[in-house]
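In order, the protein sequences belong to chains A and B. Be aware that the first sequence starts at 0, since it is given in numbering that gives the first Met the number 0, and climbs by one per residue. Be aware that the second sequence starts at 0, since it is given in numbering that gives the first Met the number 0, and climbs by one per residue.
Rather than coming from a laboratory, the hints here were simulated on the basis of the structure. Warning: the hint list may mix true and false statements.
For chains that are exact copies, the list does not tell them apart, and a pair is met inside one copy or across any two.
What the hints assert, rightly or not - As a list, the in silico DSSO-like pairs of lysine-lysine whose alpha-carbon atoms are at most 30 Å apart:
id, residue 1, residue 2
1, K581, K4
2, K158, K22
3, K465, K536
4, K147, K375
Number of protein chains: 2
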Amino acid sequence: MADYKVALQDMNFLLEDVFAVAKDWETMPGLQDLVDPETAKAILEEAAKLTETLIAPNSRAADEEGIHFADGVVTTPKGYKEQFAELAAGGWVGVTATPEFGGMGLPKVLSAQYEEMMCAADVSFSLYSGLTVGATIAIDSHASDELKARYLPNMVAGKWTGSMCLTEPHAGTDLGIIRSKAVPQDDGSFSVTGTKIFITGGEHDLAENIIHLVLAKLPDAPAGSRGISLFIVPKYLVNEDGSLGERNEAVAGSVEHKMGIHASATCVMNFDGAKGWLVGEPNRGLTAMFTMMNYERLGVGIQGLGSAARSYCTALDYALDRRQGRGAKATQDTSAEADPLLVHGDIRRMLLTMKSLIEGGRAFSTYVGKQLDLAKYAESEEDRVQAQALVDLLTPVAKAFLTDTGFEATIHGQQILGGHGYVREWGQEQLVRDCRIAQIYEGTNGIQALDLLGRKVAGSRGELLKPLLAEITSFLAGDAGQWERQYGELAILLQEVERITGEILGQVGSDENIINSVAVDYLNLIGYVTFAWLWLKMARTAEASNYPASFIQGKQKTAEFYFARILPRVYGLMPAIEAGSKELFAFSEDQF
Amino acid sequence: MADYKVALQDMNFLLEDVFAVAKDWETMPGLQDLVDPETAKAILEEAAKLTETLIAPNSRAADEEGIHFADGVVTTPKGYKEQFAELAAGGWVGVTATPEFGGMGLPKVLSAQYEEMMCAADVSFSLYSGLTVGATIAIDSHASDELKARYLPNMVAGKWTGSMCLTEPHAGTDLGIIRSKAVPQDDGSFSVTGTKIFITGGEHDLAENIIHLVLAKLPDAPAGSRGISLFIVPKYLVNEDGSLGERNEAVAGSVEHKMGIHASATCVMNFDGAKGWLVGEPNRGLTAMFTMMNYERLGVGIQGLGSAARSYCTALDYALDRRQGRGAKATQDTSAEADPLLVHGDIRRMLLTMKSLIEGGRAFSTYVGKQLDLAKYAESEEDRVQAQALVDLLTPVAKAFLTDTGFEATIHGQQILGGHGYVREWGQEQLVRDCRIAQIYEGTNGIQALDLLGRKVAGSRGELLKPLLAEITSFLAGDAGQWERQYGELAILLQEVERITGEILGQVGSDENIINSVAVDYLNLIGYVTFAWLWLKMARTAEASNYPASFIQGKQKTAEFYFARILPRVYGLMPAIEAGSKELFAFSEDQF
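Chain A extracted, bound-state conformation (with noise of 0.2 Å):
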């Protein structure tokens, strides 16, 4: 395995020429005394340092040594206790969390980043802070003053981590079907009962307490997905005095075997008459879920970008290294026996294809936490409004294209070195089984289409879309320079997403099934036409910059084979978009 490199300069480059962030932080009332250029470049230097040298190297063999279950305990791999001290000492839980409670109070474009390196390093490591972040936001969104001033100071500080009780073994996408119970008591709190699988750092050794929130259902909730709550099920009853009180009955009964995120405590949690209190108002817990997990599914899809960055590393550095064949005469090395990968055809579509499309990725998660920021932060209503309906439009593009996108990249970095990708010891196999994880949890990819297309696009009756392509259409009209012919493609693409879109549209009335028949291939089509946008906006952006030439050509080279070899599949996609819900509803089950 290959030393991990922060992709710095990638990232300066997206924030400071491409997005222009800064501009945004000196208007925004929310952030304009906590974040300027110079201190995002000194947080994203120290994160690349910390992710370098102390999470990367030990990541092999957390995943091979794994986490450890004994009678409801949870030990984590050698190092994680002092990697997660040193990650809560530097205050790097609380990245993006409220000032007011002893968080950094950065923008998300920035967490993003961080985000990135995190998952490189270290996809399980990442997860016990990642889950403590998405419980502060769902805490500190809907939870009373009492509970926030409870549990958020020290979730932000890495005293205490989160973990969020979702599935149930019979409920998993379908959450309106979950058993757990939660009964109120005369003290006003609940007595929480129920089973929860699938528990990412549900139990472990890094932290003094646990803050599990629950989904659950009040004696009287109605039926279905509105009579859901959420309540706040801590390891440990926190006294008054804020110090630790007795051992709460929430357990984990065993540990997961996995794929992947070895490393990663992934419990079934019993609640057995838990202490618990409500967040947020009776029945609307799912809504208060959703809101957290929006805003976290950005984090899930930097995920697949993260692998797919750690495995470009390794990839790259062996195909410089590794001499196998000859390329064409040109190009051979006559001092060795044989030239390096690099000069072969092959070889380079395989890293153009993960460069493309990390690259890609990176200024998509960028642009989406840019929108986050606006739609938190910006100054005028309007901006916020308009930020948030593309944070609507955009969470689940990112949550499923960065992750599957980020899986395919994994899949070629492993394909790069041949048997030695398929043996342990290089770790590229490793960033493929990690990754996969990534199309599957938070909502599964294909849950992500359906909120696209269905919930958002088909929702708004197109609205939501508008402001997407507007702004596409809008740096299209702009000069095209020597990209003529890739501004032409595009603005013509974006038609075809227009037409087809209403083609959509059009059935929904008459069938039923449209939506989720092409939901997956429609998503497919956004992502790759949004990358092609970006790859021209990160092209010009360069051409117009003074990086050093090697990063401008790069960026250059790589906008001309995004368009050559990897924007064609969308003529895949188009037809099977349009063929619609006719093939896969004429089987009948015996058919199958």
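For chain A, the structure is supplied; the task is to place chain B on it using the hints.
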């Protein structure tokens, strides 16, 4: 994990109806006394019983336990010894081996079905006999009569197994630079010294002896691939009377820790002056090895198919059983709190993608198997030559396309189970891990593409492509029935394939990088177009058959699905191919 159920009906449909192989057998001098439709059917049924009830049920436990290694000794997982003994006793190692040495002498077209079952049941386990078969083919084709008589009977009987020792630490794809040496001895044997890595079944406890086929260089060998010879190096020397003698200096130094196929022993083999015997001509070892590898590459393609077929069993079972969410109003089961997954469009899309790729792949492997049989057994030389041309063309496609589509299918099969697909319990993630190696070993899929487009298509100036196109064109000239649209689309695609092939051939003289830059996309194009033909062939054949209505309609509807949702991928591949090498070779090293 659902029970593995062999697709016997589909296999019989392909053999009897689609490819009418019994008619071939009747005319083949080498087969007519050995096999007829009744025998074939009985053999497939026996093989199904063996794989479904003996081998498949142990595959997950075997993966979980893995192999054990200590002091050069490999212990296989619980149950493997008994399984292998039963396999050997049933004569299954010698399915295709010549009766002269105790084999069943069955055609490849039947063996292909058996191999799919073995791989579906347990890829790891299948490799111990699979490599043995490969070794017997190499020995049978190239060794002296004396060596054949000494080694083949026990190998064919499964008393001894075989291994292929090609790769060295610095030489994988590029075998021309291997360093293992073979020094002639006075007694006619050779002293073989060198280190080989990634040796499947290099050491284990399933057989009394292991016959290694080792590539090494004679002292006076020319440099590069024309200076490599092939040697038999047994683990235990074999005495004149056939009994086992001294332990040879061929020892496993360690075993690899891998992403998957945990129950397959992948060894580092140290040959330290080991006694070996030359197979075939000096310096012609690579040719000898490739004769065998070309025959066996279909088998590796079938690994992808087998993993996918197994994954489909569990995915379909789960989709019928697991209830999450609600389908369209018309399909809701109001007696339960949710509908089975199968009502959801995206679940159907994934299942049908699997089904169309698996059954398309099964048809493809059967077709290539038929050509292998014709090339070997057909009465007229003309028929043999024509079949061999198809074999040469399609072998790399079978290896790469069946493993790439097989891998894609296992990913869908995992995704359908959501989080349950990621945990080990259900077995779906094991199929992903096990399938992944088939895209890498026996020549990476990139190398297969290079073989197809470079050696085969460009090497013959396009001649080798013609028989395939002619066969499809002749099919399309027949009555289209209700398939006029699909016949028309495929006819146009054939013209596109010809046009694009011509374009590439036109660039070969001026662009040394063109082949390796577009080979993978080109192989996929050929794969999808060939599958389209096979799907029409299957649909048309089914229509005219007496199979149950659900089977016939399943075939028809899957053909329609394939054309609507899968074949369009070619419209993304063609422009990518036409982009050529330019964008790939514009990059200097520092721009990656």
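Tell me the numbers of any earlier hints that the structure contravenes, in ascending order. Of the numbered hints, just 2 does not hold.
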